[in-house]
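> Note that the protein sequences, when read in sequence, are chains X and Y. full-length UniProt numbering puts the first residue of the first sequence at 1, with every later residue one more than the last. full-length UniProt numbering puts the first residue of the second sequence at 1, with every later residue one more than the last.
If you're looking for bench data, these hints aren't it; they were derived computationally from the structure. Some hints here could point you the wrong way.
[Claimed, not checked] Here are the simulated DMTMM-like cross-link-like pairs (lysine to aspartate or glutamate), alpha carbons at most 20 Å apart as the crow flies:
| no. | chain 1 | residue 1 | chain 2 | residue 2 |
| --- | --- | --- | --- | --- |
| 1 | X | Lys247 | X | Asp261 |
| 2 | X | Lys125 | Y | Glu112 |
| 3 | X | Lys126 | Y | Glu280 |
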Amino acid sequence: MTILETTDLTKMFGRVKALDRVNIEMKEGEVYGFIGPNGAGKSTTLRVLLGAIKATSGSARIFGKDVWKDAVAVHRRIAYVPGDVSLWPNLTGGEVIDLFMKLHGTKNRGRRSELIDLFDLDPAKKCGTYSKGNRQKVALIAAFASDADLYIMDEPTSGLDPLMEKLFQKQVLEARENGKSVLLSSHILSEVEKLCDRVSIIRQGAIIETGSLTDLRHLTRTTLLLETKKPPQGLSAVKGVHELAHKEGAIQFQVDTEELDHVMAFVSAFGIIRLESAPPTLEDLFLRHYETARPQAQ
Amino acid sequence: MYQSLFAQTGNLSWFVIKRNKLRFLIWLLALTALTAGTAASFLGLYPSEAERQALTTAMVNPATTAMVGRGYGLDNYTFGAMLGHQMLAMTALTAGIMNILFVSRNTRGDEEDGKTETLLALPIGRTSSLTSVIASALLLNVVLVLAMTGALVMLDIESINLEGALLYSAAIGLCGFFFAAGTAFSAQLAQGAKTATGLAFGLLMAAYTLRAVGDVNENALSWFSPIGWAQRTEVFVSNIWWPLWLLAGSSFLIAVAALYINAARDTGAGLFSASKGRKEAGFLLQGTGGLIWRLQRTGIFFWTVAMFLLGITYGSVLTDTEAFFESTNVIQGVVSQTSDLTLSEQFLPVLMSVMALIGTIPVVMAALKIKTEEKKDRMQHILGRSVSRIGQLAHYAVFSIALSIVMMLATAGGMALAMDQESLSGSTVFASAFLYLPAFWVMTGLAVLLIGFFPKYTFVIWLYLGYSYIAVYFGRIFQFPDWVGELTPFGWVASYPVEEIKPMPVIGLALVSLVIGAAGFFGFIRRDTNG
Ligand SMILES: Nc1ncnc2c1ncn2[C@@H]1O[C@H](COP(=O)(O)OP(=O)(O)OP(=O)(O)O)[C@@H](O)[C@H]1O
Ligand SMILES: [Mg+2]
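One chain only, chain X, in its complex shape (with noise of 0.2 Å):
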């Protein structure tokens, strides 16, 4: 069943296009993770999402509501962490949490202080005097004390230490085997490999790549070094082929993994004496989207 839809969403801020027709399907129970270089838009695309700011075109739509104008019926079963959890200084951590539990409607105490024990929250102390992990603690706290189907969450584990953030992530997993559903934007790599099902890469506020990381990996490219008795003669011309260089008496290239069965088909017809493969990673994927995105930002 689909939780969370935008069709062709799009947000001016003035003249500047923030998001370009934006399109995300997400399913229930569903973990989705949404990955970008700075300012590409995932802030924007989850403050969309939260009725925070009303999109120029496009709809987008969560447990079958318009995100705008049924705001306050869609939050009642979601939970939001920002990017950056800024807090009352007067006001405690607990009764931060309390409030923001009262605020949504949840009546959890057995839950609320399972996760402050969990993630070693002193809650006696004041917001004003807590590090960035731990304003984000208190959050996160909040977030998952909630009775929520979705969470939305926007760079969770910015400015948590190492050991946080496989708290963070059991916690995630845990909501998924509840049924639950999570929409999580990120940098960090290893962390959506680890939790998301489906990834989506934005770029420029525009998605140029969605699919489950099997999915992405058949977008990676392998890197092969080659010798061959004659010298391979229109390789680069060959489709799926990038990067051809001459090292050492070989060619080295990298071939899209699509593309692998032909241009080996291609190159056996010269003779391989020498065959070397680098396996794809997915971090060159995102390298690759990210890299490109620069000189087109300038």
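Fit chain Y with the ligands to the known structure of chain X by using the hints.
For chain Y with the ligands alone, kept in the frame of chain X given last:
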């Protein structure tokens, strides 16, 4: 030593000035215009010496003394003597407000937002940041002195010569700087911009009140107030310069003390450090209303006490005035003889208008708090949960309206308590106070309107309040044309019991507040929120 403490102070000062130039300009223009405008209007109001001399009978009574200070040079009440007597304290007070707002915004406010820490990482001295703010404040006040002196001299009034104009302006500028230094000091003690500003305003209130009490009772209390020192210059009459040394010396000492603490303490900390609090929310902190109460209760408490004390002060001043006129028989020409109202009843509307305008400050602040929440990225926590935008904004509006009632209750309560019931009955005081409520609500409505449509320009409401103050308070003294008063809700409030209560302005104001408030809600549910 010098490098480690003060490196880059000059550059930082320019940076502070650049960031605040518009704010500086508005304040400078407002204060200079107020001074020159008042002096100029004297010319038209009291052209003959006889008229000026007649004014002394009206101006010398405990009520006026409490408000503006002791009269001097009364045997030859020149334009200069009038300006020094009637305007020095008020203008110094305003300059104090300007300096407090400027310094607290650029010290603790910045520190809270983490801006100071970013700066400290640069190769600047430990106290460079604070020194630059103090230096900018000094420069601001020097420019103010020059502008006011120039404006006064240009008016070319005989009794207002260069020496007098310079002394008058310098007294005001130094008073302003005294409070800049005081704020820099309080910012070192308290953790949090709000507390620091509160302390500084407390200091200002204390300075003004000590002076008022000292002046009325003719005792030494006035000597404990910087505003009192400024008035001892008897500017335009005796031109005594040495009290300025008191102002300059004490400001310097306070500034040095502030810098000393600043160099010694940790960034973000205060001398009073934050204590631990409760692990769980109390029964009051259960929703938006509870949160608003929690965040504003300290401010509300102090404002309520302040308004109550103000009411008591004015109430007892009225009692004194009544006795004063009974004993001296100079009543002729001051207040209407034909009226069957008592003297206190005739004075009441003026005092009430001043108290109402002061009471509006916390009421407007309460409504504008929602914008602070948005600016500090805290509104998303509330709106991201099951709270509607209408509900959220309505809480702030209702809170502001409730506060208007509390403020007027405290004021009228204090006044009724201190009044002698024969000359002024409690019910008259309360009626006169409550008549201002619809005007308060128009201000609340205006705040909501700005929040709904122009969240970046909410400061406009403070300019409008400043205008209202000038239109109502000075409009009465200087007989401005009617439309000046009609442009502010406070100008429409009946001067009960001098005028009788008419239903039209009350209903009209309430309707206006309702309409602009509703429009504000309409804007708020349609616009993007920023955090
Ligand atoms: N209120 C706003 N007004 C104008 N432009 C904005 C506003 N909010 C965001 N933008 C612009 O929209 C674009 C997308 O920003 P967004 O915050 O969504 O990026 P992001 O993907 O969350 O980046 P990061 O990884 O740095 O958090 C940026 O170019 C940003 O400058
Ligand atoms: Mg972001």
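> Give a verdict on every hint.
Consistency of the hints with the structure:
With a C-alpha separation of about 23 Å, the suggested pairing of Lys247 of chain X with Asp261 of chain X is violated against the 20 Å cut-off. The straight-line distance between the Cα atoms of Lys125 of chain X and Glu112 of chain Y is roughly 17 Å, inside the 20 Å bound, and the hint therefore holds. With a C-alpha separation of about 12 Å, the suggested pairing of Lys126 of chain X with Glu280 of chain Y holds against the 20 Å cut-off.
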